[in-house]
Amino acid sequence: MHGFYTEQRTKMKLGLERKINFILIYAVVIPILLIIIFPFLVMVLTSLKPSDEIYVSPPYWLPKKLLYKNYVDIWRYVRLAHYFTNSGIYAIGTTVLTIFVALPASYAVARINFRGRMAFLFLILVTQMFSPIVVIISLYKMMAFYHSLNTYRSIIITYAAFNQAFSIWLLTGYFSSIPKDIEEAAMIDGCSRFSAVLRILIPLAKPGIVATVIFVFIWAWNEFLIVFTFISTDKLWPLTLGIYGFIGKYKILWNYLMAVSFLTTLPVVVLFLLIEKQLVSGLTAGAIK
Amino acid sequence: MNDMRNGYLVKATKITRTEKVAYVCLLPSLVLVTAVIFYPVIKTFISSFFAMDLYGNIEHFAGLNNFKRLFKEDIFIRVFINTLYWTLGMVVPTIIISLILSLALNNRFFGRKFSRAILILPWAASIMISALLWRWLFNGEYGMVNRLLHDLHIIKNNIHWLASPKTSFPAMIFVGIIISIPFTTVTLLAGLQSIPDELYEAARVDGANKIKVLFKITLPLLKTVFFIVTTLNFIYIFNSFPIIWVITRGNPANQTDIIITYLYEKAFLYQDFGIASALSVITFLLLLIFSVLYAWLLYRAED
Numbered sequence: 000m001h002g003f004y005t006e007q008r009t010k011m012k013l014g015l016e017r018k019i020n021f022i023l024i025y026a027v028v029i030p031i032l033l034i035i036i037f038p039f040l041v042m043v044l045t046s047l048k049p050s051d052e053i054y055v056s057p058p059y060w061l062p063k064k065l066l067y068k069n070y071v072d073i074w075r076y077v078r079l080a081h082y083f084t085n086s087g088i089y090a091i092g093t094t095v096l097t098i099f100v101a102l103p104a105s106y107a108v109a110r111i112n113f114r115g116r117m118a119f120l121f122l123i124l125v126t127q128m129f130s131p132i133v134v135i136i137s138l139y140k141m142m143a144f145y146h147s148l149n150t151y152r153s154i155i156i157t158y159a160a161f162n163q164a165f166s167i168w169l170l171t172g173y174f175s176s177i178p179k180d181i182e183e184a185a186m187i188d189g190c191s192r193f194s195a196v197l198r199i200l201i202p203l204a205k206p207g208i209v210a211t212v213i214f215v216f217i218w219a220w221n222e223f224l225i226v227f228t229f230i231s232t233d234k235l236w237p238l239t240l241g242i243y244g245f246i247g248k249y250k251i252l253w254n255y256l257m258a259v260s261f262l263t264t265l266p267v268v269v270l271f272l273l274i275e276k277q278l279v280s281g282l283t284a285g286a287i288k
Numbered sequence: 000m001n002d003m004r005n006g007y008l009v010k011a012t013k014i015t016r017t018e019k020v021a022y023v024c025l026l027p028s029l030v031l032v033t034a035v036i037f038y039p040v041i042k043t044f045i046s047s048f049f050a051m052d053l054y055g056n057i058e059h060f061a062g063l064n065n066f067k068r069l070f071k072e073d074i075f076i077r078v079f080i081n082t083l084y085w086t087l088g089m090v091v092p093t094i095i096i097s098l099i100l101s102l103a104l105n106n107r108f109f110g111r112k113f114s115r116a117i118l119i120l121p122w123a124a125s126i127m128i129s130a131l132l133w134r135w136l137f138n139g140e141y142g143m144v145n146r147l148l149h150d151l152h153i154i155k156n157n158i159h160w161l162a163s164p165k166t167s168f169p170a171m172i173f174v175g176i177i178i179s180i181p182f183t184t185v186t187l188l189a190g191l192q193s194i195p196d197e198l199y200e201a202a203r204v205d206g207a208n209k210i211k212v213l214f215k216i217t218l219p220l221l222k223t224v225f226f227i228v229t230t231l232n233f234i235y236i237f238n239s240f241p242i243i244w245v246i247t248r249g250n251p252a253n254q255t256d257i258i259i260t261y262l263y264e265k266a267f268l269y270q271d272f273g274i275a276s277a278l279s280v281i282t283f284l285l286l287l288i289f290s291v292l293y294a295w296l297l298y299r300a301e302d
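For the protein sequence lines, the chains are G and H, in the order given.
Under numbering that gives the first Met the number 0, the residue at position 73 of the first sequence is numbered 72, and the numbers go up by one with no gaps.
Under numbering that gives the first Met the number 0, the residue at position 24 of the second sequence is numbered 23, and the numbers go up by one with no gaps.
Honestly, I wouldn't trust all of these hints.
[Unchecked claim] Think about it this way: if two alpha-carbon atoms lie no more than 27 Å apart in a straight line, the pair counts; the simulated BS3-like pairs of lysine-lysine are:
#, chain 1, residue 1, chain 2, residue 2
1, H, Lys215, G, Lys18
2, G, Lys205, H, Lys112
3, G, Lys179, H, Lys19
4, G, Lys276, H, Lys222
5, G, Lys250, G, Lys64
6, H, Lys112, G, Lys179
7, H, Lys112, G, Lys18
8, H, Lys165, H, Lys155
9, G, Lys18, H, Lys13
10, G, Lys250, H, Lys211
11, H, Lys211, G, Lys18
12, G, Lys205, H, Lys71
13, G, Lys179, G, Lys205
14, G, Lys276, H, Lys155
15, G, Lys68, G, Lys179
16, G, Lys63, H, Lys112
Simulated from the structure, these hints should not be mistaken for laboratory data.
Work out the full structure, taking the sequences as your base and the hints as a guide.
Next up, the structure:
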């Protein structure tokens, strides 16, 4: 009997909770999600409008005439293929350099007990606070001094440095979550430390490494301030600068601009959805434990 | 823990072979970070005490002159207040909204996966592009924000959002909040999901109600994640250059500038590298003070 009553009470309580959740979801989640998706919906709708439907007041929600042709025209209107290539070079270059530098450092932090370990971690994490804006003036002067303004290398090196904190944080977390035993056994069996890492640790940490790679790639793909400061020639512009370049024109062709923005955003959103789960678990792994 | 134990074993005499391996592994990262981040920070600090020419070459020692010149500018107070307004006006609502959102999303409901996919849109997209989208949406004549408010019968006449700082600055703060919500919510959500179910069950058996569970279990356990998210948010928001640069560029007459956009303008438009360096130092110190203060407050509250 007693059990029956408690069960009933729990059920009633669950019902109440369900109601609270229901209200929470409809009163908070849906309005916020609508606000978040709103600009992206307008982006897509604007990108499908013909030019004479852009400057209309009040604006129409839907294009009167759906114009997919904008997506063809923009490749001629701006040097889109060119910007895509540059964005790719910056993003891939940054990813490669970042990972090659951050991997050994993360390995050392996660696996080796050495003096100065905490000092190193602190030093690296502190760089998260030195946002690019604080150093941009001195960096600009340095790049000018080494004749590196308007080069791919100026961007890739700077990006890689600013991604160290985050990458090392993530990678160290992943490495630490993998048990040491197998590597140690391999090393006792005469495997060198290097090949133990290469053959055992790296393959096991692959999901974490992939997440880090994609995150750095997206960061570099989206960056604006540094590339805006170091790169002034159109020839080396990535997509972000190509898009920003639209604003300078005397009348902004928003339909084209939105089409370019859509094409720029699409690949990173897809990549992001692929790694989101791993990225977040990596982010909080260190924090919870 | 291991660290400590090894610290005793190794003693402070010889560098072991494994330690050498570690140092070699760290070297590339250290070199990169030192060259690109620490060295320029130090250089900026030093050069803020020197007079510089239009190309940023050091001319002579100037003491606190750059700082004095900066404080004498009429607009500086405005920019400083704007920065506080910008940062607090964004961090506080972002955290509150994200906390509620993450609590809601922590439940199973129809369309939860879809919701999360929408939620990450502003996180994945370039801030520059988001800023540009909102600039178009807030357009007084052709923008969809006015259209929407018309359709909902909230306004009768078009609001020229970006024409006056009174509306453009809050509008940009709104944009900032929207952009900051995804990262904050998703991270808090991960924090929530890491709280073991047994704790909730135990509380339920004890007859604790939902509010009590929230304040006695959920929030205290979420503290570390909460701290990290708030600090990172603070740093990101303080440094979010593209929103203002793309939407108003600090106009009209620097009324919507914050320290970092003002700094950028001083350096790369007016080439006043002295004042710009002074501003960099102030930015750095502000970030440092806030972070330390916040950490201290949080740890004091814990005791």
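Now the hints, each set against the structure:
no.: 1; hint: H:Lys215 to G:Lys18; in the structure: holds (21 Å)
no.: 2; hint: G:Lys205 to H:Lys112; in the structure: holds (25 Å)
no.: 3; hint: G:Lys179 to H:Lys19; in the structure: holds (20 Å)
no.: 4; hint: G:Lys276 to H:Lys222; in the structure: holds (21 Å)
no.: 5; hint: G:Lys250 to G:Lys64; in the structure: holds (21 Å)
no.: 6; hint: H:Lys112 to G:Lys179; in the structure: violated (35 Å)
no.: 7; hint: H:Lys112 to G:Lys18; in the structure: holds (20 Å)
no.: 8; hint: H:Lys165 to H:Lys155; in the structure: holds (19 Å)
no.: 9; hint: G:Lys18 to H:Lys13; in the structure: violated (65 Å)
no.: 10; hint: G:Lys250 to H:Lys211; in the structure: violated (57 Å)
no.: 11; hint: H:Lys211 to G:Lys18; in the structure: holds (17 Å)
no.: 12; hint: G:Lys205 to H:Lys71; in the structure: violated (55 Å)
no.: 13; hint: G:Lys179 to G:Lys205; in the structure: holds (16 Å)
no.: 14; hint: G:Lys276 to H:Lys155; in the structure: violated (44 Å)
no.: 15; hint: G:Lys68 to G:Lys179; in the structure: violated (57 Å)
no.: 16; hint: G:Lys63 to H:Lys112; in the structure: violated (33 Å)
Hints 6, 9, 10, 12, 14, 15, 16 from the earlier list are contradicted by this structure; the remaining hints agree with it.
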